[in-house]
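Engineer: Each chain, written out:
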Amino acid sequence: MTHQGARPVPAVEPGPPARRGLRNRAAAFRHPGALAAVVPSVFLVGAFVVPLAGLLVLSLRPTDALNNPLPGVGLDQYREVFTTSYLWGSVVESLGLAVRVSLTCAVLAYPVAWFLARSPGRTSRTIVFTIALSPLLTSEVVRSFGWRIVMSGEGPVNSTLQALGLIDESLPLLRSPWTVFLAVVHVLLPFAIITLTASLTAIDGSLLRASASLGASRIRTFLRVVLPLSAPGLVAGTVLVFSLTMGIYVTPLLVGGANQQLAGLRIQNEAMVSFDQPRAAALSFVLLVVTLLACAAITALGRVWERGNRG
Amino acid sequence: MADARSTSRRVLAAVPLVLVCAFLVFPLLIVVLSSFSDRNSFRFPPDGWSLRWYGQVFENAQWLQSLSVSAQLVLIVVPLVVILGTLGGYAVGAGEFPGRRVLALIFLAPIAVPAVMLGLALLHQLQGAGLVGTPVALVLAHLLVTFPFCVRVAAVSAAGIDPRLNRAARSLGASPLRAFLTVTLPLMRPGILAAAFLGAVISLGEVAVSVFVAGASGVTVPVRVYSAVQVQLEPTIAAVSTLLLAASVLVIALLDRFLNVSRLL
Chain A
1 MTHQGARPVP
11 AVEPGPPARR
21 GLRNRAAAFR
31 HPGALAAVVP
41 SVFLVGAFVV
51 PLAGLLVLSL
61 RPTDALNNPL
71 PGVGLDQYRE
81 VFTTSYLWGS
91 VVESLGLAVR
101 VSLTCAVLAY
111 PVAWFLARSP
121 GRTSRTIVFT
131 IALSPLLTSE
141 VVRSFGWRIV
151 MSGEGPVNST
161 LQALGLIDES
171 LPLLRSPWTV
181 FLAVVHVLLP
191 FAIITLTASL
201 TAIDGSLLRA
211 SASLGASRIR
221 TFLRVVLPLS
231 APGLVAGTVL
241 VFSLTMGIYV
251 TPLLVGGANQ
261 QLAGLRIQNE
271 AMVSFDQPRA
281 AALSFVLLVV
291 TLLACAAITA
301 LGRVWERGNR
311 G
Chain B
312 MADARSTSRR
322 VLAAVPLVLV
332 CAFLVFPLLI
342 VVLSSFSDRN
352 SFRFPPDGWS
362 LRWYGQVFEN
372 AQWLQSLSVS
382 AQLVLIVVPL
392 VVILGTLGGY
402 AVGAGEFPGR
412 RVLALIFLAP
422 IAVPAVMLGL
432 ALLHQLQGAG
442 LVGTPVALVL
452 AHLLVTFPFC
462 VRVAAVSAAG
472 IDPRLNRAAR
482 SLGASPLRAF
492 LTVTLPLMRP
502 GILAAAFLGA
512 VISLGEVAVS
522 VFVAGASGVT
532 VPVRVYSAVQ
542 VQLEPTIAAV
552 STLLLAASVL
562 VIALLDRFLN
572 VSRLL
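In order, the protein sequences belong to chains A and B. Residue 35 in my numbering sits at position 35 of the first sequence, and the numbers go up by one each step. Just add 311 to the spot in the second sequence (first one is 1) and you have my numbering.
Here chain A stands alone, though its shape is the one from the complex (with noise of 0.2 Å):
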């Protein structure tokens, strides 16, 4: 579940790959591993890659009055998409929204990541596990809803505040973008946490004991060999949240309903509600590009910090 690539598989070809010729090259196709990639190939082109090249041709279609696509080809969508202030501005919200969700889930990912890659004890790993991956293995719309009591006006943090006698009447935290936000990082910490614990697990643990044997505090430690160690789960996990966060709008609707500027809800609003097909996927391929383009953006830097700790 994680994004780092699959454990480095052992060379099993005898001989060196110089005197592979190309009767070889032919033979590697037969590899049983070959033959098994072919059903699942079809299936992803046919599921994945056939609807997405259809959604690409159907974005460069003009449309008429009532939003149905015309034949031709043409890039009236996306200059909507980008001179329209509430459709590109959507995609800017969403960038604001996914930086300061993946921070966060950086963050708060450490602790509960720590303890399950250091932790001795059997049973409290398991229990600690399973609460750090319960939002993930349980419907988004379950998690929304809960948000949706937890903030209500009856819900119990109206109804603590109100005990505590710091308010007098309950706040419309519903409306507020600050709900929006605590849901998305809830649903989304999961997989920040399985990618920092992978990292974690592989740190070698006499490196610690020897920062700490030469003196350095636990904060130092962490600052100075954690951190760095840990960086290529930290890279992994924010990409990973990054990309969830531009697209996300189950969460965000559910929480704080369709009047919100992010750019999955606008896509959503434009196919279902709108009927604007040609209109929602140019959004959608402009939001997939953009992510992808703040993606490599991130992984650079990470590369760049990763480099800066070695020299």
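In case anyone wonders, no lab produced these hints; they're calculated from the structure. Heads up, a few of these hints could be off.
Each pair of labels, with its calculated beta carbon distance range [what the hints assert, rightly or not]:
#1 B:S379 x A:I219: 42 to 48 Å
#2 B:S379 x A:R79: 43 to 49 Å
#3 B:R478 x A:Y78: 52 to 58 Å
#4 A:S176 x B:L330: 19 to 25 Å
Stretches of chain A that chain B covers, calculated by requiring three or more beta carbons in the stretch to come under 8 Å of a beta carbon on chain B [said to hold, decoys possible]:
#5 85-93
#6 133-139
#7 167-175
#8 247-257
#9 270-282
Remember, predicted model here, so these are calculated numbers, not experimental data. Ideal placement from N, C-alpha and C gives every residue a C-beta, glycine not left out.
Since the structure of chain A is provided, determine the placement of chain B on it from the hints.
Structural biologist: For chain B alone, coordinates are given in the frame of chain A:
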């Protein structure tokens, strides 16, 4: 004194862990608690407790239909995605062929594409074929969403297999297929099981892609919750959500019995 200091330090270090865990569990706990409330409100704490909302769920034809749709869907999706995921995971995890790494990226690609986009793409594609609202549409949507996760766990499992075992089987005269079935497949068992449970949990909760292709007849439990929450909050939704939660917990508990999940993810 040093002992007391290290103990207090350890307690202090546990505070962030406990806080984050509380944050993660709190909304789910609230859903479960409010499903047992005896009033038609979400007052906290509830005035009294009852099971009446569960009774209402099981008397409501719409919820019953959704429960049955969700259950049938899991039973169809899980075997299919396990086959696809096992083959795909074996290919990218243990395969030796040009382009294996690229294929691994392509298999995981549906995770990188926003669900709203996957839903829209499937909707557009299936509209042309007149399949929106049919079981085929829902099965395809669920397969697409579960597939990358299943491939991932199966690939980790396949990559951990010592390739010499397979070569030994081949040199003893087993055909490639026989070697795959009798050596590789049993060794991939933890990954295959994990793929099955993961597929079941994800399919049970899937909503983001399903709402695009579900139509009026294929309303799964999460899709019905999705529509109901937007109209009005009522405790029957909490009861249904708790049932959904219980189903996921059951699946995870079973999974943990069969293998150490934390090592696989």
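Engineer: Against this structure, judge whether each hint is valid.
Structural biologist: Hints versus structure:
1. B:S379 x A:I219: 42 to 48 Å: 56 Å, violated
2. B:S379 x A:R79: 43 to 49 Å: Once the Cβ atoms are compared, 47 Å apart, the range 43 to 49 Å for A:R79 and B:S379 holds.
3. B:R478 x A:Y78: 52 to 58 Å: 53 Å, holds
4. A:S176 x B:L330: 19 to 25 Å: 21 Å, holds
5. 85-93: With 0 residues closer than 8 Å to chain B, the segment 85-93 of chain A misses the three-residue bar; violated.
6. 133-139: holds (count 6)
7. 167-175: violated (count 0)
8. 247-257: Three-residue rule met by the segment 247-257 of chain A, so holds; n is 6.
9. 270-282: holds (count 5)
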